[in-house]
Amino acid sequence: MKRALIVRLSALGDVIGGLPAATALARAFPGIEIEWVVDPRFAGVVECCSAVSKVTVWKPSLSPQKWPRYGEGFDAVIDLQGLLKSSLAGLLAKAPQRIGYHRQREGSRFFSRAILPDPSSLHIVDQYLDVVRALGTDDVVDFGLVPNPDDASAVAEMMGEGRPAIAINPNAGRPIKEWPVERWAALIELASKDFRFVLLGTKGEAEKSAAIQAACPDAEFVDLTGKTSVRQLVAVLDRCVAHVAGDTGTSHLAGAMKKPAIALYAVTDPLRFSPYGQAERCFRDPRGVGQIEPEAVYRKLVEVLG
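For the sequence shown, position 91 (counting from the first letter as 1) is numbered 91 according to my numbering, and the numbering increases by one without interruption.
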């Protein structure tokens, strides 16, 4: 195989979960050119994957003028999403094989090969690897993430020097999935003697970051809320010793960077959706993450950091 297209448009955690499929293809077929079509919001993380030769951005649209444009000669399309929109992106590549995961979703009817799940593949990363394993790859999990050198320089300037940094993303999109400010403050107070804290999030989430800082006047913060691109987050997490967050994409990115990732879950099953290989570092309470005690999270943090 000389050329393959991977389709996984969104969301951040799912795109990250598909990266080992790309590195597996690169190992199995030395010299292969792998192109990845992705939503522009998440392109930055794919750009940092050493196995991906080209990133094509596409915000799904019904307008043919806005459909992705590819060259010729793909040997296979690997659709890791299985939706109509991802199937459209795959069909436009005109490859002889269109392979995807058999999930009974609307896009699977367009696959030329639908891969049945391996019962032992509980985690989404392993299920994506099931798909490319049908092409003869191994099952080694390697995300292949390398910080962009320019991003690394910019992030080094933003973060400066100091005590070891723990990345914190206090945002998860829904109240049941978000730890209250007072819980974050309690954790930070417990850890502030030994660590500084890098706050992550989008511009629209700056209010919560400000509230956490106000509640912890003696702690040292680097507030990067709304100040980094997705691609720069790879460089940020590369400089951190651990990451604590709820059910959000940066948890998966930290796990992919082989950083200890402590994640707080409510309804999500960590066996399937935890930062890869770190389910034992996750906390879960179906009543909401507000029920999770800061002291328990701190003990886990001390444990993983030795």
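If you are wondering where the hints come from, they were derived from the structure by calculation, not from laboratory data. Please note that a few of the clues may not be correct.
[What the hints assert, rightly or not] Below, computed lysine-lysine pairings styled on DSS-like, alpha-carbon distance capped at 25 Å:
id, residue 1, residue 2
1, LYS85, LYS59
2, LYS227, LYS259
3, LYS85, LYS193
4, LYS85, LYS54
5, LYS203, LYS193
6, LYS208, LYS193
7, LYS66, LYS177
8, LYS227, LYS300
9, LYS203, LYS59
10, LYS94, LYS66
11, LYS258, LYS177
12, LYS227, LYS59
13, LYS258, LYS300
14, LYS54, LYS2
15, LYS85, LYS66
On a predicted model such as this, the values are computed, not experimentally measured, just so you know.
Check: Which numbered hints does this structure break?
Finding: 3, 5, 7, 8
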